[in-house]
Structure formats: structure tokens, C-alpha cells
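Asks: Sequence:
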Amino acid sequence: MLIPISVYEANFIIQEANKKNTYTNKVIHESVVKYLSSFDSIKTKDVAQNLRTHLLKFNLSQEEVALIASILPEYKSEVLSLVPSLKRLDDVVIDQIVKGIRSIVQR
149 MLIPISVYEA NFIIQEANKK NTYTNKVIHE SVVKYLSSFD SIKTKDVAQN
199 LRTHLLKFNL SQEEVALIAS ILPEYKSEVL SLVPSLKRLD DVVIDQIVKG
249 IRSIVQR
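Each residue of the sequence shown is one higher than the one before, starting from 149 at the first, in this note's numbering.
Treat each hint with caution, since some may be false.
Think about it this way: if two alpha-carbon atoms lie no more than 30 Å apart in a straight line, the pair counts; the simulated DSSO-like pairs of lysine-lysine are [stated by the list, open to error]:
(1) K224 to K193
(2) K182 to K167
(3) K193 to K182
(4) K235 to K168
(5) K224 to K247
(6) K205 to K235
(7) K191 to K174
(8) K174 to K193
(9) K193 to K168
(10) K247 to K205
(11) K205 to K168
(12) K224 to K235
(13) K205 to K191
(14) K168 to K182
(15) K167 to K247
(16) K247 to K235
(17) K193 to K205
(18) K191 to K167
(19) K167 to K193
(20) K174 to K205
Cβ pair distances, simulated, as ranges [said to hold, decoys possible]:
(21) E164 to N198: 39 to 49 Å
(22) E222 to Y171: 29 to 39 Å
(23) E178 to F206: 19 to 29 Å
Derived from the structure by calculation, the hints contain no laboratory data.
The model shown is predicted, which means the values in this text are computed figures rather than measured ones.
Every residue, glycine too, gets a C-beta built ideally from N, C-alpha and C.
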């Protein structure tokens, strides 16, 4: 089963492939590296893992976790407009999600 991942997690996977030269198409690989490197709010695998762990505490789907971890919303209104399925959650829970993101990413 495939698990959706955030752009930050994808970036770490690509960085590992760089070290091992395990990519098959250099042109595509370089284009993906360039795109993913534009997302630089999360600097380490530990921070990405802490963020995923935080989000999973709220019984979110893997897709919701990947979306939220990719967009790193700063406000409740932002997360609700970008991930409408979260409207099922109580406002207090949404606040906890957003506050946790801020704390983990340290904005």
C-alpha cells in the first residue's frame, strides 16, 4: 500500500537517491530536485517525522496528513479552505493542529 507523503518527505527521499545515484533519468531527476528544493520550511527528516506524528494524533487520513504537511497552514481558516474535509473536526481540534504545526516548524 502506498502512503501519500508531503513535498518535504519527497525531498528527503530524493536527496537520498542523489547520494546513492539510484535515479534512472537524470533530466527528470534534476527537474524534480529543483522543484522540491523550493520547499525549504522543513530542514530535517526529524522535523518532517515530528510533523507527521503530530498530525496522525488527530486521526487524519494519510491524504490529509500529506496535504497539511505540504502546505503548512498558519491559520484555521487557511487549513479549512485548503483541506475542506477537515470541516468535520471541532474548532478546538483544528486550533490544536495549527498550533502544533507552528510549534514544530517554529515560525
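Asks: Each hint should be assessed against the structure and marked as holding or not.
Replies: Hints and how they fare:
1. K224 to K193: holds, 25 Å
2. K182 to K167: holds, 16 Å
3. K193 to K182: holds, 18 Å
4. K235 to K168: Violated. K235 to K168 sits at ~42 Å, over the 30 Å cutoff.
5. K224 to K247: holds, 9 Å
6. K205 to K235: Judged against 30 Å, a Cα distance of about 17 Å means the pair holds.
7. K191 to K174: Between K191 and K174 the Cα gap is close to 24 Å, so the pair holds against 30 Å.
8. K174 to K193: holds, 24 Å
9. K193 to K168: Since the Cα atoms of K193 and K168 sit roughly 17 Å apart, the hinted pair holds (cutoff 30 Å).
10. K247 to K205: holds, 14 Å
11. K205 to K168: violated, 33 Å
12. K224 to K235: holds, 10 Å
13. K205 to K191: Satisfied, since the Cα-Cα distance of roughly 22 Å is no more than 30 Å.
14. K168 to K182: holds, 18 Å
15. K167 to K247: With Cα atoms ~35 Å apart, K167 and K247 exceed 30 Å; violated.
16. K247 to K235: The given pair, whose Cα atoms are some 17 Å apart, holds under the 30 Å limit.
17. K193 to K205: Roughly 19 Å separates the two Cα atoms, so the pair holds.
18. K191 to K167: Roughly 17 Å between the alpha carbons, so the hint for K191 and K167 holds.
19. K167 to K193: OK: K167 and K193 at ~15 Å, within 30 Å.
20. K174 to K205: Judged against 30 Å, a Cα distance of about 38 Å means the pair is violated.
21. E164 to N198: 39 to 49 Å: violated, 19 Å
22. E222 to Y171: 29 to 39 Å: holds, 34 Å
23. E178 to F206: 19 to 29 Å: Violated - the Cβ-Cβ distance for E178 and F206, about 37 Å, lies outside 19 to 29 Å.
The structure fails hints 4, 11, 15, 20, 21 and 23 (numbered hints given earlier, in ascending order).
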